[in-house]
Amino acid sequence: MADVAVVGFAQAPNVRATHGTTNGVEMLVPIFREVLDSTGLRTEDIGFWCSGSSDYLAGRAFSFIAAVDAIGAFPPINESHVEMDAAWALYEAWVKIRTGEVDTALVYGFGKSSAGDLRRTLALQLDPYTAAPLWPDSVSIAGLQARLGLDAGEWTEQDMAEVAARSRAAAGPGAQISGRVAAADLLAEPYLADPLRKHDCAPITDGAAVVVLASADRARELHERPAWITGLEHRIESGSIGARDLLRSPSTTAAAEAAGAADVEVAELHAPFTHQEIVLRRAIGLGEDVAINPSGGPLCGNPMFSAGLSRIGEAASRVMSGAARRVLAHATSGPALQQNLVCVMEGRS
Amino acid sequence: MTGLSEPLSAPLEVGFDYTRSLGPVHRRFATELRGRRIVGVRGSDGRVHVPPVEYDPDTAAALDEFVPVGTRGTVLSWSWMPRPLEGQPLAHPFAWALVLLDGADTPMLHALDAGSPDAVRTGMRVQVRWAAELGNGIRDIACFEPVGQSPAPPLEDPEPVSMITAPVHLHYQHSASPEESRYLRGLTEGRLLGQRCPQCRKVYIPPRGACPTDGVPTEEEVELPDTGIVTTFCIVNVPFLGQRIPPPYVSAYVLLDGADIAFLHLVLGCDAADVRMGMRVRAEWKPREEWGYTLQNIDHFRPTGEPDAPFETYAQHL
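Protein sequences appear in the order of chains A and B. The opening residue of the first sequence carries number 1 in UniProt numbering; numbering runs sequentially from there. The opening residue of the second sequence carries number 1 in UniProt numbering; numbering runs sequentially from there.
Relax, there's no trap hidden among the hints.
Estimated spans, in silico, between C-beta atoms of each pair:
{"id": "1", "chain 1": "B", "residue 1": "Asp45", "chain 2": "A", "residue 2": "Arg180", "range": "42 to 52 Å"}
{"id": "2", "chain 1": "A", "residue 1": "Arg33", "chain 2": "B", "residue 2": "Ser44", "range": "46 to 56 Å"}
{"id": "3", "chain 1": "B", "residue 1": "Glu290", "chain 2": "A", "residue 2": "Pro30", "range": "38 to 48 Å"}
{"id": "4", "chain 1": "A", "residue 1": "Ala169", "chain 2": "B", "residue 2": "Ser21", "range": "49 to 59 Å"}
{"id": "5", "chain 1": "A", "residue 1": "Glu79", "chain 2": "B", "residue 2": "Tyr18", "range": "26 to 36 Å"}
{"id": "6", "chain 1": "A", "residue 1": "Arg180", "chain 2": "B", "residue 2": "Glu220", "range": "41 to 51 Å"}
{"id": "7", "chain 1": "A", "residue 1": "Val181", "chain 2": "B", "residue 2": "Ser44", "range": "47 to 57 Å"}
{"id": "8", "chain 1": "B", "residue 1": "Thr122", "chain 2": "A", "residue 2": "Glu34", "range": "45 to 55 Å"}
{"id": "9", "chain 1": "B", "residue 1": "Met163", "chain 2": "A", "residue 2": "Ala152", "range": "35 to 45 Å"}
{"id": "10", "chain 1": "A", "residue 1": "Thr230", "chain 2": "B", "residue 2": "Asp45", "range": "30 to 40 Å"}
{"id": "11", "chain 1": "A", "residue 1": "Glu265", "chain 2": "B", "residue 2": "Met163", "range": "47 to 57 Å"}
{"id": "12", "chain 1": "A", "residue 1": "Met1", "chain 2": "B", "residue 2": "Ser21", "range": "36 to 46 Å"}
Simulated from the structure, these hints should not be mistaken for lab results. The model shown is predicted, which means the values in this text are computed figures rather than measured ones. Positions of the beta carbon are idealized from the N, C-alpha and C atoms, including for glycine.
With the hints as constraints, model all of the structure from the sequences given.
Below, the structure is given as structure tokens:
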């Protein structure tokens with residue numbers, strides 16, 4: 001089975017709202033150009049294209065087809081799509097290269113959350129018989145999970161605020177929210193949905209991201225220090241929220257064990273709520289010495305369907321720049337961390 | 001260039017009242033709810049799941065041992081909803097709660113009508129408040145409320161419930177691309193505006209955010225005439241909901257003169273059986289006062305009577 005590495009990453013600025021269309025073309029065209037320029041690849045060199053997005057964000061069927069225009073799909077291309085975060089599209093592309101079918105792949109994700117009411121739209125991820133008809137929104141469900149941990153003494157509101165403060169301090173120029181703020185000041189703010197305050201929730205964000213994968217032979221030609229994928233796994237939990245252990249994220253633990261998560265220096269975690277970062281750190285077994293979300297993470301910008309892919313790109317970038325040797329990226333999808341993907345990458349000399 | 005004016009944007013309403021057929025497990029649950037009773041299902045590990053699940057969350061075994069549970073329970077967790085959203089069980093502020101019903105081993109998610117967050121606490125005892133109208137699954141439970149007076153008693157032998165209605169209505173602010181916006185503004189003036197790809201020189205109407213061949217934005221504006229040809233067509237014989245013209249009628253791809261991509265429109269003004277590939281057609285515009293940001297400003301296309309276009313002139317546009 002072929003080794004696979006990340007050799008390119010680009011993302012659109014994380015913003016509260018774009019003027020663009022829900023098919024993402026305006027966000028995708030510039031970052032395709034950026035990532036192709038950085039790798040020296042042309043569109044005709046890409047063996048496989050795969051995207052992650054959602055028709056529910058766009059409010060129309062087959063919206064991802066319009067995004068294919070941004071590729072320039074002639075002569076005909078080898079293309080696929082997942083109705084998931086594009087981290088799962090990356091998984092599909094990784095399998096294509098592993099099996100030797102192609103030697104390069106371009107993975108992209110996009111979402112214009114601002115076009116609709118995200119909290120309601122995400123309710124449609126729930127069981128359509130016993131949960132979705134009640135329209136429980138994504139923030140409220142995260143609040144139920146957060147209080148379970150608060151009541152059990154697993155974390156405090158102070159712990160949650162510190163996650164937000166640390167994330168904002170780390171966030172770079174492309175982030176939607178950044179800056180230095182004291183946890184105590186965050187705790188003085190009113191509740192948005194008791195027990196969650198605004199800082200506990202990822203901001204509604206429009207954005208897009210792109211990652212280029214290559215097989216072993218091509219990767220060394222395309223980047224002097226590729227981020228080699230040493231493990232990539234995803235797991236899912238029951239669709240019945242009440243049947244799940246919301247404090248433990250067993251799907252993350254299983255994915256991390258299968259992916260070989262030990263000894264990483266950096267972890268990019270896709271936790272859209274502050275307490276979920278705490279859940280994930282424990283589920284993966286990350287120690288105090290691991291740098292968590294040096295990009296600022298999803299609390300500083302959470303473009304639906306590309307934020308998980310961005311975690312892989314951000315973590316890979318630290319390997320490609322030489323700043324880190326071994327890194328971990330995590331992506332989630334579904335209510336209260338229902339589905340989780342873990343990707344471990346390393347640099348080789 | 002496409003100009004610097006703001007893209008057009010408009011509300012987009014998407015909605016459908018889904019009717020969902022229920023399998024044996026949800027049918028039993030919904031039928032019991034209609035009788036103001038709640039049942040769970042026993043999982044492979046002995047746990048009683050409420051609401052019942054069709055397959056065991058751990059082993060995926062099909063489950064069918066139903067277990068009656070209480071209509072009172074204990075709050076395991078809650079979050080406050082200060083401004084309820086459309087479709088939620090209560091229109092005034094309430095708590096979402098995970099409620100462990102007496103006799104159940106897994107909690108159910110529902111609304112708790114408690115007045116204020118100060119009145120809610122983990123561990124509090126709550127009971128079902130039944131909906132006035134029964135027979136629609138989980139929404140037969142209007143919400144939970146703090147334990148007080150006895151809730152409405154069960155009903156004998158409810159009619160089986162095999163279907164529920166689940167309305168899904170979403171609201172969007174849809175934005176057109178800059179290129180589409182130029183095109184739509186042109187239509188309000190009776191102009192048909194396409195754009196040319198800077199690389200392959202193809203003319204697209206409507207213009208595209210990116211040329212699907214080259215992946216670059218179309219840029220150079222091209223005004224097209226309202227004449228063209230039928231490249232391909234179908235005769236609609238089947239009546240359907242929302243149909244505006246009695247069948248048979250012709251739905252056709254019309255390739256305007258000078259364009260490289262055809263669009264779908266109607267061909268009327270002749271017998272449906274006389275429409276053919278290559279037929280020359282001209283737009284029949286609605287009265288000017290009815291024009292808006294839509295290709296429906298053209299009511300339909302009708303034959304011009306000119307000789308048909310030779311097949312080779314449009315063979316590349318099928």
